[in-house]
Each structure stands twice: as structure tokens, then as C-alpha cells.
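Novice: As a plain string of letters, each chain reads:
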Amino acid sequence: MVVGEAEGIVLRSDRAISLWGGIDPSSGRIIDRRHDRHGESIVGRVFAIPAEKGSSTGSAVLLELIRAGLAPAGIVTSETAPILAVGSIVAEELYGAGIPIVCLGPRDWTKLVDGEWVRIGGDGSITRP
Amino acid sequence: MELTKRDREMLDGRFGEAARFAMSVVVRTAEAVGAEALLSIEGAHIDACALRSASSHDVIRHLAENGGRVSVPTTLSMVSLDLENWRYLGIDPGHAEAATQIADGYRALGCIPTWTCAPYQGYLTPRFGQQLAWGESNAVAYANSVLGARTNRYADYLDICAAITGRAPYTGLHRGENRRATVRVRVGGVRASEWDSPTAWAALGAFVGGAVGERVPAIEGLSELRPSNDALKAFGAAAASFGSLGLFHVVGTTPEAPDLQTASQGRSLSETMHVTPVELRATWDELSSAEPETPIDAVVLGCPHASYAELEGLADAISRRGDARSHENVQFLVFASAPMVELARRGGLLEPLGRFGATIVRDSCPFHAPVVAAEATTLMTDSGKCAYYAPGELGVRVAFGTIDACVESARTGTVRGGEGPWLRR
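Heads up: the protein sequence lines correspond to chains H and S, in order.
Position 118, counted from 1, in the first sequence is what the numbering used here calls 118; the numbers after and before it change by one each time, with no gaps.
Position 148, counted from 1, in the second sequence is what the numbering used here calls 1148; the numbers after and before it change by one each time, with no gaps.
These are calculated hints, taken from the structure and not from any lab test.
Please read all numbers here as calculations on a predicted model, not as lab measurements.
Heads up, the beta-carbon is just placed ideally off N, CA and C, and yes, glycines get one too.
Keep in mind that the hints are not guaranteed to be accurate.
[What the hints assert, rightly or not] Derived DEER-like restraints, expressed as beta-carbon distance ranges: (1) E1342(S) - K111(H): 53 to 59 Å; (2) G1266(S) - E5(H): 44 to 50 Å; (3) Y95(H) - G1013(S): 18 to 24 Å.
[What the hints assert, rightly or not] One side of the interface only, derived from the structure: several residues of chain S facing chain H at Cβ under 10 Å: (4) F1021; (5) A1050; (6) A1054; (7) A1064; (8) W1134; (9) S1193; (10) W1195; (11) G1209; (12) G1243; (13) S1244.
Given only the sequences and the hints, what does the whole structure look like? Please build it.
Specialist: Structure, rendered in C-alpha cells:
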């Protein structure tokens, strides 16, 4: 959805998340107590979630994470995530620095393994170096 | 991507940098979501003004300093303080200055200073079928479902970019075929009188929103109840918080669902979910993490912003208790738009609220204005949306209950009547 290259350790959750109310923009930690990865940091990780949900302020949270250097390396979803895409697109327009947002579809998304190192290619591919 | 001559001129910078920036964001988002064309919108509602982060300053400064101007009537969601009473509310002057700069930036773009998350309760209420670019998830659910206007769940900053360009990706709920119901939700086994309070509808919304994901539900079994606007508002606000709901149909009530056939656009729906008191009780328990009799520190009402009817109900609940006052340890906070507070003043509703010790906060929200005391550990609310976000955003346990239960709990200082109507057998 938003093109870019990145690599990092996968932080995978099978629960959708709202970035606003779900991630602390001043630390990059998951603060949604209902979320299974509550308390963990997404900074520099390849954040793998099935979908975005909830607040449309998620794009502003992502923009602020990117500005502050607290963003994930990339976000990989199963369903399209237009709110996250807007956050990264605005970051590219404003700061010249977005992060890749890749929508894999359910079949490839479920192959992602928590804790593995992956590379996101400029064509949206996921490889394991 | 099909673009008009004007679209391309905007992209090329012929209308200035703000319009170029805005059109670039609109076009790139359209490409990201696979839209093949843009459409023209007739109105916008901006949610991006609530934050005070460094990047939100950067966005509005870039747009305002480069000659940005909205091209359609544009209302504003909340800002992170009560613009006129922030001193009285104890808000830090540094916070106030930052929030006011953002507010001034959006006004400079030509936005109308409504400062409310419930724009459908006031000026510029959308018409049926009108194409809009609205941010703020509860407002989106209401505009689509209750009014029959057409908007997607606009992300922060895409909303203002659409308002400046007057253009938006032609996708999702802008298109008639995507507005059909895709899942049936049958509600049964609940006594009609238990739906009197919007709080019950909030619990139903929390359950349905969490269960349907991005599908469009057609809810059956409730049309006899003739739900109020406030009930549908509470339902949509909760559903949009617990899931990603942008549109729901209540068969026999909402405008695109006179019957199930019409709501599903003639297709048969293979999936039916059943909602009974069992699911509703479980949802109520999930919303309410504070035990009965727990001391409370704050009550939050007006999430989304209170309507006149809700303020009237609150004034009644207070007046029924004679000279009762909110307990000295409890902050009793009511959030509403400035015009609604003025209506309430004219209606004589502010006098009982003031006597009870309620604090009215205009223009803002408990999650953006620092008004709930930082040391608060337990908060009570009638709102499914507030109950969803308060634990993460404010670090509190939540008691969930009707306006009447909130007033009783504030009077006694402890959680009362938070067990939900479906527990009464």
C-alpha cells in the first residue's frame, strides 16, 4: 500500500489494533490492555497485525511515531489498512520519510512467524535473509 | 488513476503548495487503497485538530503558511481544551497555547469552529445521499447509518486534504454497492423496557462492533422500539470503537433499511448472528472492570458530546435527588459543544447541573484535554466509547452504567447500579 524497503524482527499479533488508544506515541509501546501484546514496544519491529481498527486518529499517531523515530520498521497486514497508509504517506510528503505498509492477504500473512527476521522489498515482497 | 484537468493542475502546484500537498495525499491514498477514480465531496468534518503532537503542528503549519483554504463547508471536531474556560479547568498554559495555535491554524483554512465530535447534532447536518469526507469514527457511523449520507472512515489528515481539494478516493462506502448489509444480527429475548437507556444500546454496539469487523450489519428485532437518535448515536460510537464499523442498518428504522431485502440490496445473507441477554451481560461485564461499591474518582458523560435530550435526562436525574451533590472526591465531568451548552442554559438545565457540582467542558474530550485528574484510578461513564478507550488512554478502571447510575454513584462516591439492566431478572 505504501512502498518502501525495511527489515526487522517480526512482532506478530493475531488481534487488530487501533493505533490511537493502542500505542503510546511518546514511547512506541502497546497500551491497549485488551491487546495480547500489551506492554511491548513496536519500535523498529516489523509490526504484523491482521487489520487496523477503531480510531481514525491512527494515522496521526503513526505520523508522530515516524517523526519521533519511534515507528516500526514496517507494518504488514492481512486486510487493507487505509488509516495506516495515510499516516505513512503524510510522513513522506512532510518529512520525506515514510515506512512501508504492506497488505499481504490472509494466506501469506499467516506465514509470518513472531520473532523471525524479515526483509520487506520495494515490490512489497517479504523475504527471510 | 483518472484525474480531471483541475486535479492535475493541483498536483502540479498551480494552486499553491498547500493544495499540491493535499492533492498528493488524496491521490496517493487512492492508489494505496486501489481506488480507480476520485469523487467530488460536498462537505468535510475534520478530526485531525484534536492532537497537540509536534507532527500535528507541522501539518497545520505547512497547510496554513502555504495558503491552504478549504473548498467545501468544513466543520471541526474537538480541540484539546475548552477554548474559553481552560484556565478555570486548571489546564496548563503551555498546553493551552499549543492547542490554541492548532485551533487558529484550522480556522485560518476557513473551517467552521464547531469543535464537536457530534457534528450531526448541529450546524450543517448532512442530507441523505450526500458525499462527504468525515473524520471521527462515531460521526462517520452516524452520518452513514442514521442520516444516509456517504463517507468512509477518513483518517486524520486525509480529512483536511479532502476538504482543501474537494476530492476523495471513490471507494468503500461512497459507492452504493458497498453499503449493502453483509451480515444479519438478530436481537432477541430482551424486554422492551430495557432498551430505554442509550447505555443499553452502547453495550449492544460494543458487542456488534467487536463481532462484525468491517462487515455491514443489518440488525433485526429492534424496530418496534423506535430508538432515539441518542440510542443510535451510543450504538454507533461503541461499535466504531470496538471494531471498524462505518455503517450499520437497523431494519425498520434507518433510512437504507426499510426492510431486510432493501438493506441487503436483494441478496441473501448466509450468515446470521444472534444476540441474547447472555451476550449483552458478558459485554456489559467486559465494559465494566470496576467492582460494585468501589470508590470512584471521576464520572464522564457526553462521549460523544451530549445532546440536549441527554443534558435534560441528566438534569432530571439530579433533580429527582433533591439537593444532592456530587461527592467531594468525585470529579463530575460533562462534555458538550458550545452551542449545546448555550441551549441547555436557555432551557434552565445548567442550574441543577451546577448545584450538583458538575463541571461542563466544551469543545473537547477527556482523552485530549487534561481534565480528568492524573491520579484518578476509577472512572464511571455511560459511554461504550469512553469505556473502551479510558483504560489505555487514562490508565483507569471503568464502571459502566446509565446516566442515572452515574449520578447515584457520584452522589455516594462509590460504584452503584453498574451491573446493567440485563442482570435484573
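Novice: All the hints need checking, so say for each whether the structure fits it.
Specialist: Here's how the hints hold up against the structure:
1. A C-beta distance of roughly 57 Å is found between E1342(S) and K111(H), which places it inside the suggested range of 53 to 59 Å.
2. Judged by the Cβ atoms, the range 44 to 50 Å given for G1266(S) and E5(H) holds: they are separated by roughly 46 Å.
3. Take Y95(H) and G1013(S): their Cβ atoms lie about 19 Å apart, and the range 18 to 24 Å holds.
4. At its closest, the beta carbon of F1021(S) sits 6 Å from a beta carbon of chain H; the interface hint therefore holds under the 10 Å criterion.
5. Because the beta carbon of A1050(S) sits about 7 Å from the nearest beta carbon in chain H, less than 10 Å, this interface hint is met.
6. For A1054(S), the interface hint holds, the least distance from its beta-carbon to any beta-carbon of chain H being 6 Å, beneath 10 Å.
7. The interface hint given for A1064(S) is broken, as the beta carbon of that residue sits about 14 Å from the closest beta carbon of chain H, more than 10 Å.
8. A cut of 10 Å between beta carbons decides the hint on W1134(S): the least distance to chain H is about 9 Å, and the hint holds.
9. For S1193(S), the shortest C-beta to C-beta distance to chain H is roughly 31 Å, which exceeds 10 Å, and the interface hint is violated.
10. For W1195(S), the suggested interface contact is broken, since its CB lies about 25 Å from the closest CB of chain H, more than 10 Å.
11. The closest approach between the C-beta of G1209(S) and any C-beta of chain H is roughly 9 Å, which is under the 10 Å cut-off, so the hint is satisfied.
12. Interface hint status for G1243(S): upheld, as the beta-carbon distance to the closest one in chain H is roughly 6 Å, under 10 Å.
13. Because the smallest distance between the Cβ of S1244(S) and any Cβ of chain H comes to about 4 Å, under 10 Å, the interface hint for this residue holds.
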